[in-house]
Amino acid sequence: AQSVAQPEDQVNVAEGNPLTVKCTYSVSGNPYLFWYVQYPNRGLQFLLKYITGDNLVKGSYGFEAEFNKSQTSFHLKKPSALVSDSALYFCAVRDNAGNNRKLIWGLGTSLAVNP
Amino acid sequence: NAGVTQTPKFQVLKTGQSMTLQCAQDMNHNSMYWYRQDPGMGLRLIYYSASEGTTDKGEVPNGYNVSRLNKREFSLRLESAAPSQTSVYFCASSEALGQYSNQPQHFGDGTRLSIL
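In the order they appear, the protein sequences are chains A and B.
For the first sequence, my numbering gives the first residue as 1, with consecutive numbering after it.
For the second sequence, my numbering gives the first residue as 1, with consecutive numbering after it.
Since the hints were made in silico from the structure, they are not lab data.
What you are looking at is a predicted structure, and each value in this text was computed from that prediction instead of being measured.
Using N, Cα and C, we set each Cβ at its ideal position, and we do this for glycine too.
Just to be clear, a hint being listed does not mean it is correct.
[What the hints assert, rightly or not] To give a feel for the contact side, a few chain A residues facing chain B, derived at Cβ under 7 angstroms: (1) Tyr32; (2) Phe46; (3) Ile51; (4) Pro79; (5) Arg101; (6) Trp105; (7) Leu107; (8) Gly108.
[Said to hold, decoys possible] Output of the computed footprint for chain A on chain B, the stretches with three or more beta carbons under 8 angstroms from beta carbons of chain A: (9) 33-42; (10) 102-111.
Input sequences plus hints: build the corresponding full structure.
Take a look at the structure:
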């Protein structure tokens, strides 16, 4: 069965330091992978996606994510964190093969960037 | 450009009351979705509409009904509210035509619903 995991409920980083928010997945076919961000009292906003091609995907607000097929991971990264990056981050995966191709959401990781 | 608009933003109901949550998108998107977000549970799909005129159950449809009124509007109805339906409800839309797509979803800012 397909699944997605965000192993850290919370990540704390200092402003200016690099940040990583982790996501691992399990699918039977090839994955479609997505990252979304949710600011307080707002809806989710799409950051980036991996469908095929280059393993390093660049997205909005300076974020990027690296698809690693052997480790079944799709970690979100940013070279230099901003206080305004503090938010809830969701990873989502869809299996592009098999009978179950529904979009599966992770439970979210709360990112706190400290000044 | 408003994107996805949800009304109301907040609502308090008594157990057994009914209400309809409204959602409209102005992006000419084909697919629309209703989710609920609860602490520790992430996002759970209630119902979706892969195209105008079609609706399908998601992960947690019990206690809810939906109507895809036209291409722009997708409403969610609670016929007899229960405390377990206290949640934040999000509507989303996507260019995707059909259930399975690599197109991203665009979300409204949610309706915060409390049922006493």
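These are the hints, each one checked on the structure:
Because the closest C-beta pair between Tyr32(A) and chain B is about 5 angstroms apart, less than 7 angstroms, the hint holds. Contact between Phe46(A) and chain B, as hinted, is supported at the beta carbon level, the nearest pair being about 4 angstroms apart and thus within 7 angstroms. For Ile51(A), the interface hint holds, since its Cβ comes within 7 angstroms of a Cβ in chain B; the closest pair sits about 5 angstroms apart. Checking Pro79(A) against chain B by beta carbon gives a least distance of about 23 angstroms; that is not within 7 angstroms, so the hint is violated.
For Arg101(A), the suggested interface contact is upheld, since its CB lies about 5 angstroms from the closest CB of chain B, less than 7 angstroms. Interface hint at Trp105(A): satisfied, since its Cβ lies 4 angstroms from the closest Cβ of chain B, which is below the 7 angstroms cut-off. The restraint placing Leu107(A) at the interface with chain B holds, with a minimum CB-CB distance near 4 angstroms, inside the 7 angstroms limit. Annotation: interface hint on Gly108(A) holds; nearest CB of chain B at approximately 6 angstroms, less than 7 angstroms.
Taking a C-beta to C-beta cut-off of 8 angstroms, the stretch 33-42 of chain B contributes 3 residues in contact with chain A, enough for the three needed, and the coverage statement holds. Here's how the stretch 102-111 of chain B fares: 8 of its residues keep a CB closer than 8 angstroms to some CB of chain A, so the rule of at least three is met and the hint holds.
Violated hint: 4 only; the structure is consistent with all others.
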